[in-house]
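Numbered per my numbering, the sequence shown spans residues 160 to 465.
Quick caveat, the hints were computed from the structure, so don't treat them as lab data.
Just so we're clear, the structure is a prediction, and the values are computed from it rather than from any experiment.
Glycine residues also receive a C-beta, built at the ideal position from the N, C-alpha and C atoms.
Incorrect hints may have been included.
What the hints assert, rightly or not - Listed next, with one range per pair, are the computed distances between beta-carbon atoms:
id	residue 1	residue 2	range
1	Ala439	Gly325	23 to 29 Å
2	Gly453	Pro301	17 to 23 Å
3	Lys384	Glu235	35 to 41 Å
4	Glu383	Gly453	23 to 29 Å
5	Ala398	Glu234	45 to 51 Å
6	Glu383	Ala432	26 to 32 Å
7	Pro301	Lys417	50 to 56 Å
8	Thr411	Ser436	26 to 32 Å
9	Gly370	Tyr465	34 to 40 Å
10	Glu413	Gln322	48 to 54 Å
11	Pro301	Tyr465	28 to 34 Å
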Amino acid sequence: MERPRVFFRLLLGFGLLSSALGSVADSGPRAAGATKVAFIPPDSPLDKVMEKAPAAAMTEGGDFVFSAPPRGSYEEEVATYQPITEYLSKITGKRFVYKYSDNWLSYSRDMTNGVYDLVFDGPAFNGWRMDKMSHTPLVKLPEDFVFVVITRKDNAQITELKQLAGRKVCAHAPPNLGTLTMLSQFDNPARQPVIQQVKGWDNNYRAMIEGKCAGTVVPIKNFEKNDKGMAKILYRHRAMPNQAFSAGPRITPEMRSKIQQALLSQEGKSATAKLRSVYAGKDFVPARAEEYAGLGRLLKDSLYYY
160 MERPRVFFRL LLGFGLLSSA LGSVADSGPR AAGATKVAFI PPDSPLDKVM EKAPAAAMTE
220 GGDFVFSAPP RGSYEEEVAT YQPITEYLSK ITGKRFVYKY SDNWLSYSRD MTNGVYDLVF
280 DGPAFNGWRM DKMSHTPLVK LPEDFVFVVI TRKDNAQITE LKQLAGRKVC AHAPPNLGTL
340 TMLSQFDNPA RQPVIQQVKG WDNNYRAMIE GKCAGTVVPI KNFEKNDKGM AKILYRHRAM
400 PNQAFSAGPR ITPEMRSKIQ QALLSQEGKS ATAKLRSVYA GKDFVPARAE EYAGLGRLLK
460 DSLYYY
């Protein structure tokens with residue numbers, strides 16, 4: 160029963176390797192103005208694939224490494240996360256540094272090799288680190304995630320989720336959380352929807368309505384905002400907690416408590432203002448480990464995790 164999954168992972172790994180090798184020629188130098196901040200620059204794309212990171216944090220002097228998924232440019236991400244590392248260094252008396260990753264391959268490799276002491280990312284990764292890396296969620300964004308898989312209401316050929324297997328579905332590339340929730344309902348990797356990559360929830364809904372794909376997966380609020388009675392819900396995933404900060408085992412329980420309280424404080428709100436502005440400016444709230452338990456299984460078909 161495991162052969163299709165193993166074969167799928169081999170194909171996925173080969174594809175990621177080819178993609179990373181092909182990107183070497185496109186990688187340019189980092190911005191010169193960014194050298195004054197505390198960070199650990201990423202390796203070259205070739206190094207990301209061919210080398211395994213050490214299990215300990217990749218800094219000198221016992222510094223603590225903070226990271227987040229590869230979402231924006233180097234300059235944008237440093238501007239967002241540098242105030243947080245400076246604030247945490249101040250309140251703990253320990254040096255925190257931000258490590259930038261420009262692709263999911265290096266981010267996943269470093270995470271699974273224990274490079275990160277503190278991470279801000281989605282519930283699937285928080286759940287995986289709880290199970291595999293002894294991480295503890297600290298604070299999270301307040302609103303839950305609820306995703307729905309939809310198709311056109313007049314599509315008589317698609318009446319249930321499983322019928323999307325082998326058909327084009329407009330969605331963000333994995334490991335986007337919405338896409339992972341949909342794929343989690345397909346046990347056989349050889350019998351899954353074909354992801355037609357489209358960026359932006361509104362664009363995914365529009366592409367599906369225009370007939371460019373058989374279905375799509377979107378947050379339920381996005382569905383309610385856009386739908387005018389033209390789509391139907393095939394599947395609704397259970398509510399999941401939002402993105403969170405999690406702390407690894409090198410951060411002591413006492414320091415974890417100090418970081419949690421600091422991020423919830425008024426000064427912490429100032430340090431995280433730029434980050435929170437990306438998510439409508441909502442304040443962080445305490446995170447509970449039980450909320451994230453088991454969510455790591457959403458990464459079951461992702462390279463590095465299982």
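Hint by hint, here is what the structure shows:
Our hint of 23 to 29 Å for Ala439 and Gly325 is violated, since their Cβ atoms are close to 37 Å apart. A hinted range of 17 to 23 Å for the beta carbons of Gly453 and Pro301 is consistent with their spacing of about 21 Å. Separated by about 26 Å at the C-beta atoms, Lys384 and Glu235 break the suggested range of 35 to 41 Å. Checked against the given bound of 23 to 29 Å, the beta carbons of Glu383 and Gly453, roughly 27 Å apart, stay inside it.
Take Ala398 and Glu234: their Cβ atoms lie about 35 Å apart, and the range 45 to 51 Å is violated. Distance hint check for Glu383 and Ala432: the Cβ-Cβ separation is about 29 Å, which falls inside the suggested range of 26 to 32 Å. Between Pro301 and Lys417, the C-beta spacing of about 22 Å breaks the proposed range 50 to 56 Å. Under the hint 26 to 32 Å, the C-beta atoms of Thr411 and Ser436, about 31 Å apart, fit the expected range.
Taken as a hint, the range 34 to 40 Å holds for the pair Gly370 and Tyr465, whose Cβ atoms sit roughly 35 Å apart. As the Cβ distance of Glu413 to Gln322 is approximately 53 Å, the hint placing it in 48 to 54 Å holds. The hinted range of 28 to 34 Å is satisfied by Pro301 and Tyr465, whose Cβ atoms lie roughly 30 Å apart.
Violated hints, in rising order: 1, 3, 5 and 7; the structure is consistent with all others.
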